[in-house]
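Chemist: Chains as they are written, first to last, in the working numbering: chain A, 8 to 331; chain B, 8 to 331.
The list makes no distinction among identical chains, and a pair is therefore deemed to hold if it is satisfied within one copy or across any two copies.
Straight-line Cα separation of at most 20 Å, EDC-like style, residue types lysine to aspartate or glutamate; simulated pairs:
| hint | residue 1 | residue 2 |
| --- | --- | --- |
| 1 | Lys123 | Asp142 |
| 2 | Lys196 | Glu304 |
| 3 | Lys26 | Asp138 |
| 4 | Lys123 | Asp138 |
| 5 | Lys164 | Glu33 |
| 6 | Lys26 | Asp142 |
| 7 | Lys26 | Glu36 |
| 8 | Lys288 | Asp253 |
Because the hints were derived from the structure by calculation, they are not lab data.
Number of protein chains: 2
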Amino acid sequence: MRELQDLQLLIDNAVTQLKYPPYPAELYEPIYYILSMGGKRMRPALLLMACDLFGGDVEKALPPALAIEVFHNFTLMHDDIMDNAPLRRGKTTVHERWNQNAAILSGDVMLIEGYKLMMQVEDRLLRIILDIFNDTAVGVCEGQQLDMDFETRNDVKIDEYIYMIRLKTAVVLGGALKIGSILGGADMKDAELIADFGENLGLAFQLQDDILDIYGSPEKFGKQVGGDIISNKKTYLLIKSLELADEAQTAELNKWINAKEFDSQLKVEAVTGIYNTVQVKQCAENAMHEYAEKAFEALEKINLPEENKQYLRDFADSLMVREH
Amino acid sequence: MRELQDLQLLIDNAVTQLKYPPYPAELYEPIYYILSMGGKRMRPALLLMACDLFGGDVEKALPPALAIEVFHNFTLMHDDIMDNAPLRRGKTTVHERWNQNAAILSGDVMLIEGYKLMMQVEDRLLRIILDIFNDTAVGVCEGQQLDMDFETRNDVKIDEYIYMIRLKTAVVLGGALKIGSILGGADMKDAELIADFGENLGLAFQLQDDILDIYGSPEKFGKQVGGDIISNKKTYLLIKSLELADEAQTAELNKWINAKEFDSQLKVEAVTGIYNTVQVKQCAENAMHEYAEKAFEALEKINLPEENKQYLRDFADSLMVREH
Chain A
8 MRELQDLQLL IDNAVTQLKY PPYPAELYEP IYYILSMGGK RMRPALLLMA CDLFGGDVEK
68 ALPPALAIEV FHNFTLMHDD IMDNAPLRRG KTTVHERWNQ NAAILSGDVM LIEGYKLMMQ
128 VEDRLLRIIL DIFNDTAVGV CEGQQLDMDF ETRNDVKIDE YIYMIRLKTA VVLGGALKIG
188 SILGGADMKD AELIADFGEN LGLAFQLQDD ILDIYGSPEK FGKQVGGDII SNKKTYLLIK
248 SLELADEAQT AELNKWINAK EFDSQLKVEA VTGIYNTVQV KQCAENAMHE YAEKAFEALE
308 KINLPEENKQ YLRDFADSLM VREH
Chain B
8 MRELQDLQLL IDNAVTQLKY PPYPAELYEP IYYILSMGGK RMRPALLLMA CDLFGGDVEK
68 ALPPALAIEV FHNFTLMHDD IMDNAPLRRG KTTVHERWNQ NAAILSGDVM LIEGYKLMMQ
128 VEDRLLRIIL DIFNDTAVGV CEGQQLDMDF ETRNDVKIDE YIYMIRLKTA VVLGGALKIG
188 SILGGADMKD AELIADFGEN LGLAFQLQDD ILDIYGSPEK FGKQVGGDII SNKKTYLLIK
248 SLELADEAQT AELNKWINAK EFDSQLKVEA VTGIYNTVQV KQCAENAMHE YAEKAFEALE
308 KINLPEENKQ YLRDFADSLM VREH
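Only chain A is shown next, with the shape it has when bound in the complex (with noise of 0.2 Å):
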């Protein structure tokens, strides 16, 4: 099997020989300039390990995989223009250094680029190949959306969070893995559960994310602690902490949450405070370890040699292991 730091730097490599016509340039300098960010390059690395993993040619796997790189980098585009936001990985976003038009043009056709490079497949798995990508993408879609309506709600439910982070994130993982198996030779029913393995295993590391913003050292992961409750991002410890809140501990969150103004190291103090009365942070680890349980559960029906499913045990370890 090849390593996923080989696999990350094969498509690391692939990205930068991604060729688009000159012309008109505020149409294709964004595709260039977006990708040039880097990132862990995770989900097409998935791709090929799912591929590598059934005995296929990681190599002629590629151009799905980049697919699935120019499709999530679609996402993010449009999406920082839907956030507003300035800057991603440090860097500039398209519409800040261009103009939002071309953010939005830009992004199109590279949605219309992930398809071109996702039909690079053989014939007859082609109708097969695209109907996950179009589920996946579509799924994306519903995420972002109910993502952004989530903002404006402050009455969302646990089991929407989860259906949220599923379409928005976990849903690409799982369509990746699938991909991947299914371009290795996998048939259908082990292509569905590395799918399920991919899919929760994803919404795990969303909820160990949710919690590493509290609870993880800022050393370790270079993010500032509590950025998720001064931005009052509705994750599963601020929605289930409103579960478990007595009136007072709710009208406190209100509080924190409705402040036009406030100190953010004592909003995070506060908030904090809460969480740790009310011990969500347990709930968040079960449901955590339950999503990862689950992953582990489809990882073992999955029909591969041991030393293939120890593999993916190692790569799902080493996700969840990170200390907080």
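Since the structure of chain A is provided, determine the placement of chain B on it from the hints.
Modeler: The following block gives chain B in isolation, referenced to the frame of chain A:
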């Protein structure tokens, strides 16, 4: 052969039967909304027409025809954001009625839904059809980008303008005819020829539109005379006039183009005066006839019974005989 109006009615009916999930509402309601605005459904009707002319089953070609219509409306939804347009066909645009984010994301999902519809073809045609659809879609994005680029330029040349309207407008007409012909059983040679016919007819039609802005009768076309002049739209007439104008005429044209405040009627009269002096109408008509001629030349080479070619000739004539 089926009448064009019948085909348009078939599309109208099929559009009302498109079903999307009820949730998230802000993602899917704008799709119903923009599709309900109607319009002539010319693009999907052309697809069905070509399928019919080559002896195909029009009913089976309905999903790809709908794909073209959904795709076209995706471009309208995003174009309206980019053009900051408050109205379309007299109705509030999606970004105004909902918000900009809903218009971005609904448009994105429409593009994906377009692919899903376009994929409803026989396996053996899937790649061929999708390749044409990809090329068409990329062309439209490039055309829209160029159109926006031209807004801020005063040195656009005629060949650049033709290149832009070919991509923005004509390529979809050619693409729709090409896809329809293949679904109807045409070989690639005839498919290319009918695409060529459609593309050149589209160019001729766009040039006619440019001419009618000034020289059409407002009662007949329901448009304000000189709307393009008032908004400084880079039409064939304006670009060619800037080429033909002497120093004084150029200064006069630029004065009106750069004027921040002006009396609309005076501007239209003054610019039309220059158009008349440099005899740009004749140039535009020559160009229009040239492209119409190219369309007819392609048509003659298509391997179809005389009766079917006559249908296409009549169709082309019906588009081009609008009195002006």
